[in-house]
Every structure is written in structure tokens, then in C-alpha cells.
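S.K.: Residue numbers (the numbering used here), protein chains in the order written: chain A, 1 to 346; chain B, 1001 to 1098.
Among the hints, a few may not be true.
Simulated restraints on C-beta separations [stated by the list, open to error]:
#1 A/Ser168 - B/Asp1046: 34 to 44 Å
#2 B/Ala1081 - A/Gln337: 42 to 52 Å
#3 A/Gln292 - B/Lys1061: 16 to 26 Å
List of simulated lysine to aspartate or glutamate pairs, DMTMM-like, C-alpha gap at most 20 Å [to be verified]:
#4 A/Lys310 - B/Glu1033
#5 A/Lys310 - B/Glu1016
#6 A/Lys210 - A/Glu342
In case anyone wonders, no lab produced these hints; they're calculated from the structure. Fair warning: this is a prediction, and the values are worked out from it, not measured in the lab. Where a beta carbon is used, it is the ideal one built from N, C-alpha and C, also for glycine.
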Amino acid sequence: MGQPNRRLAAVWVLPIHQTFALTLFRARSRYVAASLSAWGKRGASNPGFGVSRGGGLPGLTGPGSLAATQSLCSRALPSEAIGISIGQIPLTIHVPPGKLAGKIGQRYAAFFASAKNALPVFIECGERLSCGEAGDSFSISRHAATEALAGGWNFSYALEGGALWLSSSGAHFQGVRHEFAADSLLRILLSQLLLERDGFLLHAATIVRKGQACIFAGPSGTGKSTVARFSPPGSVLTDEISLLRCSEKLWQAYGTPFWGEFQVGSVNRAAPVQGIYALRQAPEDRLECLGQREALLALLPNVLFFSREKQATERMLRILVRIVQEVPFYRLHFRRQATFSEMPGL
Amino acid sequence: MTPARFVRNPLLAWREIEGEVVVISPQDSMVHELNSTASFIWCLVDGRRTAAEIAGSLAQKYDVAPDAALLDTQELLSRLASRGLLISALSGQEERDV
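Just chain B, same shape as in the assembly:
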């Protein structure tokens, strides 16, 4: 089950360029591209906001139904977590430098 809150993996390097986020995982030299919507969500992930809160911002910005935004936000968070880009805020490894 998807945890309610995530933080960005503190081991990653990332930059936003032209409104889209590029994430590099130094350990395996992988580059991850996020499109603008995923980047929007990425920037809101801070260990404090819940998926519902992020989805609320998403629905407002992109003019989509709140339910759909929540489902999609949860799915994205889950996928980012499965790739190791996000970790559960419950693990206590909150990213401090953002």
C-alpha cells in the first residue's frame, strides 16, 4: 500500500530545466526524465504534503477532476518510489536541503 507521504531520495541529484525535472541517480548512473506534470508533483513532494494535498494542487493547476488527479498522483508516487526516486517519509530520511 502506498504510504501517505514521501520524500525525494536524498541520494539523488536533480535539476529543473525549462519546467521539467531531470533526476540523476549517481549510484547506477541512471538519468530519469520527468515531464512537466510529473515535475510539478516532484516539486511538491516534501515529506509533509499527502498525496491528496498534492493531487489537490495538481487538479487546480491542470484543470482535472479531483478524483482522477488523486488516482494519478498516487500512481505516480508509487512508480517513483518503485524506482527508488522517492522514499517513504516514515523512514525518517527526510530531504532537508529543499
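The following block holds chain A by itself, in its conformation from the complex:
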């Protein structure tokens, strides 16, 4: 039996994936976009961003936390309705007329669509009320108050100065001061809605080649935009946030309005997923086939996921296990040069 203690010592290897909270969607914007890569990487943390999930607005994370707002009166507010569809999820964004409405309209122009079953999303620039102790003041939505009286909340998420509240009848964005804030909350909303639709958002660039989508996943700085830059014009669905969904046993990648540095414009179309490539910078280009478990662990740090609920987490885990079982997964070691695209198998 040799050295049983030594042999079993391998049992104790339990590497912990440290969480990191946020990355900036837009470095130029001071608004903290939450990336919200909820899952961390092995041995890695990102304390530089310094914003924690659900931080800043006590009591906002979790269902039924609108008690403080329920005494508010409500009245109809004028708004513009902007119909969009992202990843075949129809939304009608209601936003007060003005500059913000114009910017949101421009931002999502490629995704305009109208659908009767669209989920209403009410955007409020907000009026300041004081809730709780000094310093806890935040925007309270009159719409939200109305909704709170009508029913429970399925999900809420607070993000520096803003908040998202989701119920079965609609979503509310509060404290929205500019389009970047709305964009961040929209990503969070979609990540939650996709859970019920066998999909998820991923920090990844999507490139369509010969009608098939190649997904290049990785945190900021690993080369998503570089991959996009070296790809043929018109082939890039996104260089930052990919939307993947499984419908009728087929995994599809959808274009999103969420872009990083590449910024050539949004494309609202879909393509079947050919493979997922976890990016890693290396001195030479090389493609490494990953097993399902390694693939799952490579995927997790790049998934946008914000819920702290067990059920939602289980559901996400089930979706991720499914995709690593059904879609080829590789680690792409590459030099951040155009030569990577010439590799066999890519």
C-alpha cells in the first residue's frame, strides 16, 4: 500500500476560485459597469475595482425588499417606448422623453423590434428620497412602488447609484443617469432573463466563419478585441459580451449591443456555435482541446451572473454543464497576432 497518507493527501487539494467583482465595461466612463463576472479565477482577484456585488444599497438585493417604497404614491409618468430584441428576448424600454431616450434609441438601433409579449422595462432617472440612515439615499421609482404593491420581486440588483428590480410583470431601472448606466443594468437584466431560456451572457468575442460562430472567451485584456480586429469585416457579432442560447437542441450565438474597444457597430443576427475558445496569451499559437470539467472551470470566470440564489445558481450550473457537454471547447494560446486564425482546427 506504500504511503497511504501521502497518496490520499491529494484529496486535500481544493483550490478555491476567488471571486472578483467587477470589471469596467467602458474605461472612459466613470460609471462602474459591473461586470459582473461573478465567478472568480483560480488564485486571482481583482480588488482594484473595489465594488462589491449588491453593495452600496442595503436591502436592495433580494425579493420583497421594497417595503420602504410602498408608502409612495404613484402616478403615470410620460415616457417613450423603445422596442428591442436581444437574443430573441423582446423588451419594451420605457424611458422619459429627452436626451437619455435619444441616446438609448441610438445605442440599440440595430436591435429595434416590436413584439406583443415584450417585457416592459421602465427606466427612471429617479428622484432622490432618503431611505434609512444618512448616506443611504437613492432613487425611488414611482413605477417600482406601484409594481411592488401589485406583486413580489423575483430579483433585484444594486449597482453604484442605480438599481434593477425584476418581477414577472416587468423590470425597473432606477437611478439611471446616462446610457452607460442603463446599458449595465440591461446586461444584468438579460443575464437573469436568459436563465429561464437556457442561455447566458459570456465575456467573449463572437466571430462568424463560414456561417458558424466561434466564441473567444476571456476576461478583459486577454485579446477579445484583438481577435475581432483581425477578423474579416462583417464577421464580428461582438468583441465583448456574447449571448449564447440553446433552442431546439442547437446552441446559437447572438449579436449583442455590448461592445468593447472594437466598436464597429452592432449586428443583430445569430449563428450556430462551432466552438468555444478560452483565450490565453502565449509566446506561440496553439490550440488545446479541453475536457468537460476543464471547460467548465474555464467558462465560469467569464460568465455574467448576478444572482445569489441557490436555485438560480443551480440552473446556471446546469446550463453551463450542458454547453460543455455539447459544444467543442478549446484553450487558445495565442500571440495576439493575426496568425492565430491560420491554425488548423480554427
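We have chain A; now place chain B onto it with these hints.
M.R.: For chain B alone, kept in the frame of chain A given last:
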């Protein structure tokens, strides 16, 4: 002192994939990887089996001395508990859905 019986923390989400368990703690977004031996133990933790019983199965499957298996099993259970992945079965929060 390590309690005799544990249950998996019911607040966690976990899946076994390729014979190894991946555990996610939703509250702090931590991902825990267990190797195959730890996964074997994890799957046996049910609030009813004692550490000695789990160690017995471990010794049989991995062909190690029973004493060594027991020591290692106790240490692993203790470490998993210290990370909040397991809780004492005495707390009454037994995991019902396994």
C-alpha cells in the same frame, strides 16, 4: 472536535462532471473544485454515514490502510466544514434533496 456526521450545506449548488465535483457558493460566488477522491467522499456525505463509515468505503475503493483513510477522511471533512461546504448533521439542516 470534528462532529461524527456531516451534511452538505444546503445553500450550495454543485455538480459532478467527469467524476469530479464542482461546488459553487452563491453567496460569495466562490467555486470549489474537488479532486476525484474528495468528490468520492463528498458524494458519501449524507448526514447518516459517520466518518468511519465513509473512510471504510474510501479504503476499499482506493486500496489504502483503514487508519490512514480515517485520518484523511476526518481531515477532509473538517476542512470542508471550515469552508462552510459541510455543516454538522446535528444542526438539523439535513440536505433533503440528494
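S.K.: State for each hint whether it applies.
M.R.: Cross-check of the supplied hints:
1. A/Ser168 - B/Asp1046: 34 to 44 Å: Holds: the Cβ-Cβ distance is about 36 Å, inside 34 to 44 Å.
2. B/Ala1081 - A/Gln337: 42 to 52 Å: With a Cβ separation near 49 Å, B/Ala1081 and A/Gln337 satisfy 42 to 52 Å, so the hint holds.
3. A/Gln292 - B/Lys1061: 16 to 26 Å: holds, 22 Å
4. A/Lys310 - B/Glu1033: holds, 18 Å
5. A/Lys310 - B/Glu1016: Within the cut-off at roughly 16 Å; holds.
6. A/Lys210 - A/Glu342: Satisfied, since the Cα-Cα distance of roughly 14 Å is no more than 20 Å.
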